[in-house]
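Sequential numbering of the sequence shown, starting at 1, is according to full-length UniProt numbering.
Watch out, some of these pointers could steer you wrong.
Label pairs and their computed distance ranges (CB to CB) [to be verified]:
{"id": "1", "residue 1": "Asn-139", "residue 2": "Arg-66", "range": "19 to 27 Å"}
{"id": "2", "residue 1": "Val-88", "residue 2": "Tyr-113", "range": "29 to 37 Å"}
{"id": "3", "residue 1": "Leu-37", "residue 2": "Arg-7", "range": "41 to 49 Å"}
{"id": "4", "residue 1": "Val-149", "residue 2": "Gln-176", "range": "34 to 42 Å"}
{"id": "5", "residue 1": "Arg-36", "residue 2": "Ser-112", "range": "17 to 25 Å"}
{"id": "6", "residue 1": "Ala-27", "residue 2": "Val-88", "range": "13 to 21 Å"}
{"id": "7", "residue 1": "Val-126", "residue 2": "Ile-165", "range": "15 to 23 Å"}
{"id": "8", "residue 1": "Gln-146", "residue 2": "Arg-60", "range": "20 to 28 Å"}
{"id": "9", "residue 1": "Trp-100", "residue 2": "Ile-79", "range": "33 to 41 Å"}
{"id": "10", "residue 1": "Asn-144", "residue 2": "Ile-14", "range": "33 to 41 Å"}
{"id": "11", "residue 1": "Thr-167", "residue 2": "Asn-142", "range": "26 to 34 Å"}
{"id": "12", "residue 1": "Tyr-83", "residue 2": "Met-39", "range": "20 to 28 Å"}
Worth flagging that the hints you see were computed from the coordinates, not collected in a lab.
For each residue, glycine too, the CB sits at the ideal point set by N, CA and C.
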Amino acid sequence: MYFKYLRVSWLHPILAFLALLVDGAIALHGAQILYRLPMSASPYLVLLVLLMPILSGVIRTQPEQRSSVFMTAFIIGLIYDLYFTGYVGVSMIGFPLVVWFAEWIQRYFEQSYLWEMAIYFMVLSVYLVYDYLAFGVINVANMNLQNFVIFHMFPSILVNMIIFILTFTFLNWVYQGAREPNLASYHVEDRQINDRMPLKRRSSR
1 MYFKYLRVSW
11 LHPILAFLAL
21 LVDGAIALHG
31 AQILYRLPMS
41 ASPYLVLLVL
51 LMPILSGVIR
61 TQPEQRSSVF
71 MTAFIIGLIY
81 DLYFTGYVGV
91 SMIGFPLVVW
101 FAEWIQRYFE
111 QSYLWEMAIY
121 FMVLSVYLVY
131 DYLAFGVINV
141 ANMNLQNFVI
151 FHMFPSILVN
161 MIIFILTFTF
171 LNWVYQGARE
181 PNLASYHVED
191 RQINDRMPLK
201 RRSSR
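When you get a sec, could you build the whole thing from the sequences and use the hints?
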């Protein structure tokens, strides 16, 4: 099923940017719950949307979309760094990195709801560890590994798995519907004119 006016090539960057704004709104209005010390849970709807071309199977059937997916992850990561982390390079590198990781790991799994959830769980875990290490390198993270796992990683995974359950079915429906027809795989059988059903000629009198 194809949506008449929607295409993944331009819809994906728009949805990723909107997801970034939604993450900011969730963090702002849910701060009393998400960031109640010593716990801190970060929403990453933007990460789920960046992965949707892979989780929905768009990249698998339309590999020509691959470059635009990585470019979107790079640009959205840059915007995320400018407006959220304050350190350019963390998400700008991290988002394309986990998109590549998701693409690589998906080839070993079947495409189903539970497997896509498992892939997202693994990708989210990898990104959270990367984020912790990246901020540790630039001497910003002041939390030891045990506290990071207990008070940030686990709560963030819990929050984002809830976000996955609430949004994945809808997002998958949108991406499946906006998938562009693969004309390269559309074959028309060659048939000779003589093989066609002949028209009935008017009998001469």
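Each hint tested on the structure:
no.: 1; hint: Asn-139 - Arg-66: 19 to 27 Å; verdict: 35 Å, violated
no.: 2; hint: Val-88 - Tyr-113: 29 to 37 Å; verdict: 36 Å, holds
no.: 3; hint: Leu-37 - Arg-7: 41 to 49 Å; verdict: 45 Å, holds
no.: 4; hint: Val-149 - Gln-176: 34 to 42 Å; verdict: 35 Å, holds
no.: 5; hint: Arg-36 - Ser-112: 17 to 25 Å; verdict: 35 Å, violated
no.: 6; hint: Ala-27 - Val-88: 13 to 21 Å; verdict: 19 Å, holds
no.: 7; hint: Val-126 - Ile-165: 15 to 23 Å; verdict: 20 Å, holds
no.: 8; hint: Gln-146 - Arg-60: 20 to 28 Å; verdict: 39 Å, violated
no.: 9; hint: Trp-100 - Ile-79: 33 to 41 Å; verdict: 19 Å, violated
no.: 10; hint: Asn-144 - Ile-14: 33 to 41 Å; verdict: 40 Å, holds
no.: 11; hint: Thr-167 - Asn-142: 26 to 34 Å; verdict: 32 Å, holds
no.: 12; hint: Tyr-83 - Met-39: 20 to 28 Å; verdict: 23 Å, holds
Of the numbered hints stated above, those contradicted by the structure are hints 1, 5, 8, 9, listed in ascending order.
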